[in-house]
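Listed here are the chains, written in short residue letters.
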Amino acid sequence: MDNLIALLIAAPLLGAAVLLCGGRALDRVGPLVGTVLSGASFVIGAVLFADMLGKGAGDRTMTQHLFAWVPVAGFKADVGFQLDQLSMTFVLLISGVGTLIHIYSIGYMAHDERRRRFFGYLNLFVAAMLLLVLASNYLLLYMGWEGVGLASYLLIGFWQHKPSAATAAKKAFLVNRVGDMGLSIAIMLMFTTFGTFSFGGVFGAAHGATEGKLTAISLMLLLAACGKSAQVPLQSWLGDAMEGPTPVSALIHAATMVTAGVYLITRSADLFNGAPTAQLAVVVVGGVTLLFGAIVGCAKDDIKKSLAGSTMSQIGYMILAAGLGPIGYVFAIMHLVTHGFFKAGLFLGAGSVMHGMNDEVDMRKYGGLRKYMPVTFVTFGLGYLAIIGFPGLSGFFSKDKIVEAAFAKGGTEGWILGAVTLLGAAITAYYMTRMMLMTFFGEERWRNTATASPDAPDVEPAAEERGRHAEPHPHESPSVMTIPMIVLAIGSVGAGAFFGVGDRFLRWLEPVTGHSEGNSPVSAGVVTAATLVLLVVGAGIAYLQYGRRPVPARAPRGSLLTRAARRDLLQDDFNHVVLVRGGEHLTRSLVYVDHTVVDGVVNGTAASFGGLSGRLRKLQNGYARSYALSMFGGTAVIVAATLLMRAV
Amino acid sequence: MSAPAVHSLWTTTAADSIGTIPSPHIEYGQISPVLIVAGAAMVGVLFEAFVPRKARYYAQVILAVLGLAAAFAAVVALAADGYGSASKAHIAAEGAVAVDGPALFLQGTILLTAVVAIFTFAERRLDPAAGSHRVDSFAAQGAAMPGSDAEKAAVRAGFTTTEVFPLSLFAVAGMLVFPAANDLLTLFVALEVLSLPLYLLCALARRKRLISQEAAVKYFLLGAFSSAFLLFGVALLYGYSGSVTYARIAEVVDGTVQNVDPALAGTMGNDALLLIGAALVIMGLLFKVGAVPFHMWTPDVYQGAPTPVTGFMAAATKVAAFGALLRLLYVVLPGLTWDWRPVMWGVAIITMIGGAIVAITQTDIKRLLAYSSIAHAGFILAGVIAASPNGISSVLFYLAAYSFVTVGAFAVVTLVRDAGGEATHLSKWAGLGRRSPLVAAVFAVFLLAFAGIPLTSGFAGKFAVFKAAAAGGAVPLVIIGVISSAIAAFFYIRVIVLMFFSEPRPDGPTVAVPSPLTMVTIGVGVAVVLVFGIAPQYFLDLAGQAGTFAR
Chain A
1 MDNLIALLIA
11 APLLGAAVLL
21 CGGRALDRVG
31 PLVGTVLSGA
41 SFVIGAVLFA
51 DMLGKGAGDR
61 TMTQHLFAWV
71 PVAGFKADVG
81 FQLDQLSMTF
91 VLLISGVGTL
101 IHIYSIGYMA
111 HDERRRRFFG
121 YLNLFVAAML
131 LLVLASNYLL
141 LYMGWEGVGL
151 ASYLLIGFWQ
161 HKPSAATAAK
171 KAFLVNRVGD
181 MGLSIAIMLM
191 FTTFGTFSFG
201 GVFGAAHGAT
211 EGKLTAISLM
221 LLLAACGKSA
231 QVPLQSWLGD
241 AMEGPTPVSA
251 LIHAATMVTA
261 GVYLITRSAD
271 LFNGAPTAQL
281 AVVVVGGVTL
291 LFGAIVGCAK
301 DDIKKSLAGS
311 TMSQIGYMIL
321 AAGLGPIGYV
331 FAIMHLVTHG
341 FFKAGLFLGA
351 GSVMHGMNDE
361 VDMRKYGGLR
371 KYMPVTFVTF
381 GLGYLAIIGF
391 PGLSGFFSKD
401 KIVEAAFAKG
411 GTEGWILGAV
421 TLLGAAITAY
431 YMTRMMLMTF
441 FGEERWRNTA
451 TASPDAPDVE
461 PAAEERGRHA
471 EPHPHESPSV
481 MTIPMIVLAI
491 GSVGAGAFFG
501 VGDRFLRWLE
511 PVTGHSEGNS
521 PVSAGVVTAA
531 TLVLLVVGAG
541 IAYLQYGRRP
551 VPARAPRGSL
561 LTRAARRDLL
571 QDDFNHVVLV
581 RGGEHLTRSL
591 VYVDHTVVDG
601 VVNGTAASFG
611 GLSGRLRKLQ
621 NGYARSYALS
631 MFGGTAVIVA
641 ATLLMRAV
Chain B
1 MSAPAVHSLW
11 TTTAADSIGT
21 IPSPHIEYGQ
31 ISPVLIVAGA
41 AMVGVLFEAF
51 VPRKARYYAQ
61 VILAVLGLAA
71 AFAAVVALAA
81 DGYGSASKAH
91 IAAEGAVAVD
101 GPALFLQGTI
111 LLTAVVAIFT
121 FAERRLDPAA
131 GSHRVDSFAA
141 QGAAMPGSDA
151 EKAAVRAGFT
161 TTEVFPLSLF
171 AVAGMLVFPA
181 ANDLLTLFVA
191 LEVLSLPLYL
201 LCALARRKRL
211 ISQEAAVKYF
221 LLGAFSSAFL
231 LFGVALLYGY
241 SGSVTYARIA
251 EVVDGTVQNV
261 DPALAGTMGN
271 DALLLIGAAL
281 VIMGLLFKVG
291 AVPFHMWTPD
301 VYQGAPTPVT
311 GFMAAATKVA
321 AFGALLRLLY
331 VVLPGLTWDW
341 RPVMWGVAII
351 TMIGGAIVAI
361 TQTDIKRLLA
371 YSSIAHAGFI
381 LAGVIAASPN
391 GISSVLFYLA
401 AYSFVTVGAF
411 AVVTLVRDAG
421 GEATHLSKWA
431 GLGRRSPLVA
441 AVFAVFLLAF
451 AGIPLTSGFA
461 GKFAVFKAAA
471 AGGAVPLVII
481 GVISSAIAAF
491 FYIRVIVLMF
501 FSEPRPDGPT
511 VAVPSPLTMV
521 TIGVGVAVVL
531 VFGIAPQYFL
541 DLAGQAGTFA
551 R
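The listed protein sequences correspond, in order, to chains A and B.
First residue of the first sequence? That's 1 in the UniProt record's numbering, and the numbers climb one at a time after it.
First residue of the second sequence? That's 1 in the UniProt record's numbering, and the numbers climb one at a time after it.
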């Protein structure tokens, strides 16, 4: 049974190879091939899962050793896999949600000429992501890490003919470089500290390492997590990544890849547990991003970018939980899974709305869509209720646990973290309600929008743009798209209760991540009650602003904070001023030094050798007598030197 | 004859019967390479006298090539017989020559180099034909004054100087003895035998005869000057040790021989004689290898001599002279290592730096290659200074790798011609890569090998000598060697840039299509660059096995 693990990765990898190398002959069957192979991976995962359930909690870990990858003396890395409860959770999430999104994409990408390639990339992503979570050592994990980065880059820029998409892909790639550098440094540090990369070797030796070393490694891992999971300060790429097709946003930039940072931290629990300073850094990053993303989500009118802010914020919850240590790991992963369901469902819903609205993304041009898209409305609505933590739905169970764990951290830290998570819950309720109201309720603002683009009235819009500005005819999406949305909606509704009631998920994952109960200064009931009150407050404010009053079709100027939030809280401006300008200055000064000092030295050396050459050349005057004199002088010197050597 | 025997021969009284002189025991088989070449040279002289003028060229070329090939076969046979190994190597011909690894290795190298050089001597397609007669690079009639009526008549008649073939064979015979010489007199005789034909050959250019004759005169004068130093050094060493054989001198230096010859009671064992004598002999050899400050003849002679002769000289003479230098330092003077090493350090440093720096401002391709050869002499000296078996084998490898490339490079120079003969001024080589990409590419390969770029023979050779030098404790020397390699790379690559990245001149030279003879020479050069550069191990092993001197 252990030998099936490699097949999990092999199936989508085969799909990627076939689809990307296959050529036009596969254009028609491409989507089907990709979907089937992704589904095959899910089926294998389910079989392994059933097998795992049949074993005792202690010996559920399966391993498979494929071959020695780097067999250098003292530097060994294997291609080997480790499938334990943590990996299993991810495998089912990745292949399950991945397959649903493959199915959805069949409908969503039906009219795209390059859809074979699209499915090839999607399969490549699934394979790389599975490699990431199945690797049994950090070096192989790094390969998967880079693989998902590549797939993300290719898919964000899938519509590369749009300059904005190409730029967004490049931006995502570059920002991720910074994080990847962190991971590679962390791996190097591990090798110098422990002499191995394997999970077993590193975690086994972690107790023996000094706290300084563990802190250094953990901080580098955190940097890696920040890059991949779009956490402050490496968060700037996620909003732009929405340039990719919506299924990509749902799969990669909401449900799976962006949660890789959470996986990395949870997987490296043994390292973080020994480095309290690094854990503090993790909760600070999580807490800041939680609010940061939520505030950005409130201000965006672009439905996908608003959801992207929400994703950032929700991952902030997970990172924060992971930073709490053993009291939070399980809940971080639990929220990760429930979030995978409802956020993927929300994105697919957004995609469905766009599908019916001529790819319009501005929520101010939506309104009253519930009549035209009943299935989308219901599934999106269930996702909405789940994310804000409506009692009984998924988000309620998972988020509530994180809030409790934050308080349970204890001391001032616990109070601050608890307050932040509660505040985040209120803001979440606000921006999600706003999104819901602007999209599905209120007046139908999309009518009479067939006028020329208000932004650039003088410019003749391109054909595509013209189509976009014709009055849309909202309609429900085909069933190939709605069925995945329904399945995800069921997960959004039921997963939380399934996991949370009776601590089922806790018992499942505890053998891997460990768990300890903190001693919370406030009781669980109080926390739940406070969450619900804040939920109502947040949703209520949104209703007063967007439900009672008509929504203006053009965004009002807004307060300073709103304007800043619309610009992603000035993250790009910050990066531009600090990094780009600073980098330019550095480059210019280096060029200056290169021109004056380096070139000066080089040219000066060359010139001085040339001058010396010219002078020495004059000795070669063509007279045999001078040559003879030179020989005589040389001989005299040699004789004298030889005698002198003896005298000395 | 051993030295005491010589001595007693001269000092025996007349009372001894002449009949009691023991006949010298000569191992003819073991010195057969030299005998074959010298014999072929003498037959060549007879050919000059008796073979009709029309047939002489073919007879001489065939004779020369056959003679050299037979001698090479003899060398291979001796090596296969085990004379190259330390166990069987020994001193032959009454102590006059050694038959050992370094001698056989260098003799083989000299013979093969000579074969490809003879091919360039025999090239008759480059110069425009005089009437119906095809002519080579050599003067129609050496004795005719440049520009005289006699010369014009000789050119019209289509005369060629076929004497160059026996002359070069004589030179080769001397070169074969030079690295094998095991006593100082044999060394001197071999030096003269190899030098005198070269002086003549230098004077025999068909074009630019005046500069050719000037080069010959300078070479002769300075060569005679250095021979005098060497001979004086020989006398001083004899005065010190009472012998001219290497082994005997080494023993006296070591102190294993104490008995003083009564006739030399006043001088024997006097260290001043030893040191001055050794310095003078070394100086004579440094002159031949072209080390600074005894290098001044090199550019003038390389430039003036007919280009095939330049290639032959630059390659074969250098091999022979370094062989002699190695034997002298390793066999005669190992006891003086701490005396000669610092001095040789100095010579190696100024040779490497001087050759590389002065080459920067050269504008004539032959002079450029001359300075390049000076710099290379410095690199080889670095290997000599290592004073270890690795030093010996690295020098042997370097010489083998360098010699074929040098002959090949000068062969390319003979191809680039304009109305005045070879176009050697660098400005005329501008844009050659556009007109004749193949020739320019081949020359670029040679230049890269000279510069020591990896995957060429030059890199493997430099790596070997520098490694040996560093292992021998001469790390500063290696650093200076690498720096001067960098300087040298500048002017090699400048020529490549000139050939490939400059606009061709409208009045630029044309590239003559050579006969297969020159093509073989160039082809061998390219093959050596690539084989020694990419798979040097076989040859390194060969040189390593040949790295022990017989004593």
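Just so you know, these hints were derived from the structure itself, not from any lab.
A few of these clues could be false.
Which residues of chain B face chain A? A partial, calculated answer using Cβ under 8 Å [stated by the list, open to error]: (1) Phe-229; (2) Val-343; (3) Ile-357.
All C-beta atoms in this analysis are idealised placements derived from N, C-alpha and C, irrespective of residue type, glycine included.
Now for the hints, and whether the structure bears them out:
Of the supplied interface hints, the one on B/Phe-229 holds, with its beta-carbon coming within about 6 Å of a beta-carbon of chain A, less than 8 Å. Of the supplied interface hints, the one on B/Val-343 holds, with its beta-carbon coming within about 5 Å of a beta-carbon of chain A, less than 8 Å. Here the hint on B/Ile-357 is kept, as its CB sits about 5 Å from the closest CB of chain A, short of 8 Å.
Going down the numbered hints, you'll see the structure goes against none, and every one checks out.
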